[in-house]
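Colleague: So the sequence lines, in the order shown, correspond to chains L and Z.
To convert, count from 1 in the first sequence and add 573; that's this note's numbering.
To convert, count from 1 in the second sequence and add 252; that's this note's numbering.
The set of hints was computed from the structure by calculation and includes no laboratory data.
Ideal Cβ placement from N, Cα and C applies to all residues, glycine included.
What follows is a set of in silico ranges between Cβ atoms, one per label pair, in the way DEER data are often shown:
1. L:642 / Z:588: 41 to 47 Å
2. L:718 / Z:346: 48 to 54 Å
3. L:695 / Z:618: 48 to 54 Å
List of simulated lysine-lysine pairs, BS3-like, C-alpha gap at most 27 Å:
4. Z:614 / Z:454
5. L:620 / L:682
6. L:620 / L:658
7. L:626 / L:713
8. L:658 / L:626
9. Z:361 / L:620
10. L:713 / L:620
11. Z:522 / Z:454
12. L:620 / Z:363
13. L:626 / Z:363
14. L:626 / Z:361
15. L:682 / L:658
16. Z:361 / L:658
17. Z:614 / Z:522
18. L:626 / L:682
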Amino acid sequence: MVKAGGAAVALAALVLAASLGADPAGDFKLIVNAANPVTALPRDVVKRMFLRKATTWASGQAVAPVDQRTNAPIRRAFSESILGKDPAEIGAYWNQQIFSGRSVPPPAKASESEVLAYVRDNANAIGYVSADTRIGEGVKIITIVD
Amino acid sequence: MALPTRPHRVTALLSALAIVPLVSANAQDLASGVAVHGFGNWAYGRTDGNRYLSGDEGGRYDDAAFSLNVAASAGDRLRVVAQPFWEDGPDGAELSLDFAFAEWTFSDKLKLRAGKVPLPFGISTEVFDVGTLRPFLALPQAVYGPVGIVGEGYAGVGLTGAFDFERGWGLEYDVFGGGQHLEEFFPPEAVARGEDFDEPEKVERTRDMFGAHLVLATPFEGLSVGGSVYTGIESAVSRRSGLGLQAQYETNSWSLRSEYVHQVVEDDIKATGFYGEAAYRLDSHWQIAAQHSRFNLELTGVPAPAAASLLDHEETAVGLNYWWNYNFVFKLSFHHVDGNRLAGSDPRALAAAVAAGTLDPKTNLVAFGAQFSF
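Please work from the sequences and hints to get the whole structure.
Modeller: Right, here's the structure in full:
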């Protein structure tokens, strides 16, 4: 019974950990490299990072946002929840930035495992994955603060 | 720079296009820190007599262009961006450099740019040829046409940055100095002055130029207003100064834009241009659009020309677009033009037409084309 109780606690802890940072509106979670001291970010700051309007962390290090592939459902959810625009509007925004020479969009990875690898390998990276995706070592979830 | 012979022209274009298969459908990272994008267009135009934009009386199919944008990051603070541009038309193919510059980031509020840089003036100068960023095939000609008000880039040094304030306010700025050259369609002005001309396109070079561009983002999502100024010395000794005001409202459904520009070249000309434009998405694919614009040129110390229409341009246009997605669009438009500052007969026959009283001040154009980006 003790073992069953311990397993239940462990399972509850796992569920709780997985849900931390999840955005109920889009069912995704925000992730950064495990060495990043940040534990929470305002929603507006996350938006500005992914639009490359905010290009540094508070530490002064350059932010490295990573996106998901254009037609991924999770990308649409993230775009509408965080950026406040659908992918077509964001596409027009990036065309304006690209062809005026001002910036380029974050790299778009083909799968969530590639997103996790990018964040794991880059100390300044920030990305997002589905709420039920196992994140593994080297990556941590941070909270979106409204 | 005109490409010398057809084989060389084809080779140059094919060499550039050879890069395209190396990138994915979303284009892009050839190697860490390097991004490749591009855009292009093709248009057909037919008028009821005069030449205007991509059209003439017999119909023209040869209006096409393509550009590659290459951006490379060398570390966290240095970016280098270049954008060559190939254009084909009735006078042959032309290769030019839209811009090539380096940008050093001190912070989001302060960046330094040096090289040939997109001119920060008005809503669309920085993205002059990108058709997927506007509702019509061409930009409003009263402001962006070859009327000598703005060039596409300046060669020099500039500072740029952005500030975010509370409650949704924001400010983007540019200040710059250097030189620019403006391409101007000269024949109507030449005929109005009673002068001859060698080539229809005249290049006006402005040196010792300083300018600034401010855009204020408002708490009302999608609404921004702004202004632009520049002043410099013409190729002789006259001072050329320009002023622009802009307002823009952009949402997923609506695109509302309006600009006013005024330019003075001391002891030479005064030019004023204005347009208002509205576009509405009926659904994710179909879009309707309308535009009205006016331009007027005053020649200092020159008697009124025999054909006043040589100095005026008034245009009303309506359009219907089909967006396959935000990167690929078909556009169909109808334009009615009053005036001959930009629409008219063969430039080399213009003076004779004015003398004979046969210059038609009105032009109707139907244009169809495709524009794309990646």
